[in-house]
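Undergrad: The residues making up each chain are set out below.
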Amino acid sequence: MVAAVLAAMILGFAETALRIQGYQPTISDSMDLWAYHRRRVYEDSGRSVVLLGASRIQTGFAPLAFRERFGNHRLTQLAIPGTSPLATLHDLADDERFYGTVICSMTAFAIPEKLERAHSQKAYTAHYREQVEYREVEKELESGRLEESLVLAGAPFRLKSVLRRIFSGSNAAPPDFLTTRFDRSQAADYQKVNLAEHRRERVGRIRQFYRTYVPTEPDVQEWIQDAQGLKPYIERIKNRGGSVVFVRFPSSGEHWALCESHFPKTRFWDRLSELTGATTIHFKDVPQLAKFDCPDSSHLDVRDAYSFTNALIDECVRRKILNEP
Amino acid sequence: MLFDSFTFAAFFGLVLCLHRIPIPWSVKKFNLLVASYVFYGAWNPPFIGLLFLSTVIDWTAAGRIAKTHNSVVRRVWLSVSVCTNLGLLCFFKYGAFVLENISPLLGIAGVDYQSPSVSIILPWGISFYTFQSMSYTIDVYRGHMKPWKSFQDVALYIAFFPQLLAGPIVRSGAFLPQCVRERAVSTRKLAWGLSLVTFGLFLKVVVADTLLAPIVDRVYDESARPDTLSAWCGALAFPGQVYGDFCGYAACAVGLALCLGFSLPDNFHCPYAAYGLADFWKRWHITLYSWFRDYVYISIGGNRKGSLRTCVNIVIVLAISGLWHGASWTYVVFGFLHGILLVIEIAIKRSRLAMLSLWKTLFGRILIVGITFSTLAITEVLFRANSFAQAGQILKTMFGIGPGGRNVRLDSFDIFVTSVVLQVVLVSHFILRDTKLETLVDRYPWWARSLVLAGMISAILMAPGDDRAFIYFEF
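Top line first, the protein sequences correspond to chains G and W. Residues in the first sequence are numbered from 1 upward in steps of one, following my numbering. Residues in the second sequence are numbered from 1 upward in steps of one, following my numbering.
Careful, some of the hints might be misleading.
[What the hints assert, rightly or not] Keeping only pairs whose Cα atoms sit at most 35 angstroms apart, straight-line, the calculated DSBU-like set for lysine-lysine is:
#1 W/K282 x W/K360
#2 G/K238 x G/K265
#3 W/K436 x W/K360
#4 W/K282 x G/K160
#5 W/K436 x W/K29
#6 G/K160 x W/K189
#7 W/K396 x G/K160
#8 W/K436 x G/K160
#9 G/K284 x G/K320
Hints listed in this document are in silico derivations from the structure and should not be mistaken for laboratory results. Computed from a predicted structure; not experimentally measured.
Isolated chain G, as found in the complex (with noise of 0.2 angstroms):
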């Protein structure tokens, strides 16, 4: 009894100090998370919402702005940061068991199928598909809560990584302006960062992707074809009654431009839904939507996504793709 409570004193202790220094308990994502949040798309009444997408969504969807207009649906966030959300797509269209709404997060260099890209998230469909014991569930659960809870539990405050540092005598790095929560949702604190500097990195990594991945010239008729590919998988979910929203989410300056100058919204998003049969909803032509500015050219801040959200919504109600209670 001694011991444990000498165990409470110094881990509250340890506990606090972080906290007064500003960091926050943020959970580590995994392959496994995923695939506990995958088990759960279920809902018997068709009243399943799924995220997929990469990391916007994943920062400028606040899961606390739906459940409090659609409390009596589940919410999963399968999104996966710097993803195409394609291989997943394919997985919920092909499980005859989910009947549900999806927003995805989409854009249009996701949809060529030759790009690496367009299969990055099949590791994790995979990994969902093979027998994960019960011990791999509870364990998930168990540590992800504790993560949750306490910066304590998270992977930079571990016992070997602390051993590490002290190991090489250095100290922790800065409180990360990125939380994860349990839900998989992120929360995006750029107050907490250079702003100038981050955005300058930032941009500079999304300019050397374009090089890298993105044709300056994109094959409009391949293209094209891509996004074809997309509408039997997307049937498939409405014939079971179930419907597919492709979300633009918002991106500024540098960014917005680069992906303009590559894939023209009036030559490329604006026939999405045409080709795919999905509904589709674009930040530029909403103007409760576009008004948001992403401080880092991509995401958007934590204290937009509450009201992103909330504007979202209004949106898919408008268009039925939702229906409030």
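Got chain G sorted already, so can you dock chain W onto it with the hints?
TA: Same frame as chain G, but now just chain W:
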């Protein structure tokens, strides 16, 4: 559910509370039996059936054996027990292995046969509870004990959750008498039990999983080509990892049982301070090797049929014990190799080399411990490796034969961790080799013990990262 999970902590908390309520002893035992089946079923519910089947078969067989003097009938019932338990074990554990190997074997005989590819789930703990269950029937057959009147007690003996999944393999004569009447669990006993659980979790979660397992996994990855230093580091870290994992589990099992008023045998006693391999196998997984000694080695003649036959029997038993660990030729060869080494050791002990006064000095004893540990570390490369090819590649790299690898280079922190952990383990084993942990701990004041435990608890709570099952669950 694993011991190192909050789910198990909640489960055990509930079981302990129920156990301390003033209700009849038979009800408490029933609760423990239900809890044990819930514990096992939490992993994979259908396999509860196997556990129950093994229990019913052995309960019935032992009862029938005791009721008759007809040696044929007795042998038949003994065979039913042994065949059922070994049959279950062979099917689930070795079924796929046999099918894999039958094609090449038939090929040698000129028969072209492609065996089907099957995937059989290995029920956790089957290697342990089948042996435990069988030993009850065998002991009744040999007249070492009378069949137990209470089926509930026998069922509890076989399914008792603290030791169900990875031992210790308890003899019926040691456990069943404890079921006759309730033994009060004093506060001191409860505290020691919980301390053992904490110590066990520290060994498993901190030493094995956090500090050593990542190092071992990097060196033994399929695509790994470690350099010489990394190969040695991995080879030395593995004995530490498997000790932390398995001894950690055993400590938890003994501690949990103690909290419930049951005494389980120790399964490890400072194995890395062994003076030679014979001493090592008396200190490592004690209950398994004593099981093999009593039920296999003695049954095939033991040391009663001359020196040559004794040597053959030793090699056979260790090869079988290697196979017990898993369906792979690397395990069999590991066991066989240790059998040969044990025979060589026996020969050395009978030679003049063993008479040197050096071995009576502290330096001499440390030298023997060092030689024993090094032998273990090198032979355990075979145990840990995924294939003979990988084991050969790592061993060659360790001894500088052939081109070394470059794609795995452990950093100075990993090497530092391995050396510190090993030194602590080896020194503590050497100091404690002739004493008990409880005796050592009792020498220190309560505040020092509390501080150490608080440190362990803090380390356990800060350690979780990768989820790793206890290694011996997979045997």
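Undergrad: Please go over all the hints and tell whether each is borne out by the structure.
TA: To see whether the hints hold, each was checked on the structure:
1. For the suggested pair W/K282 and W/K360, the alpha carbons sit about 20 angstroms apart, so the restraint of at most 35 angstroms is met.
2. Distance check on the hinted pair: G/K238 and G/K265 sit about 25 angstroms apart at the alpha-carbon level, within 35 angstroms; holds.
3. Note on W/K436 and W/K360: the hinted pairing holds, with a Cα-Cα distance of about 22 angstroms set against a maximum of 35 angstroms.
4. Taking the CA atoms of W/K282 and G/K160, the gap is about 34 angstroms. The hint holds against a cut of 35 angstroms.
5. As the CA atoms of W/K436 and W/K29 are separated by approximately 30 angstroms, the hinted pair is consistent with the 35 angstroms bound.
6. Simply put, G/K160 and W/K189 have alpha-carbon atoms about 33 angstroms apart, close enough for the 35 angstroms limit, and the pair holds.
7. Proposed proximity of W/K396 and G/K160 is supported: the alpha carbons are some 30 angstroms apart, at most 35 angstroms.
8. Restraint check for W/K436 and G/K160: the C-alpha separation of about 30 angstroms stays at or below 35 angstroms, so the hint holds.
9. Straight-line distance between C-alpha atoms of G/K284 and G/K320 comes to about 20 angstroms, which keeps the hinted pair within the 35 angstroms bound.
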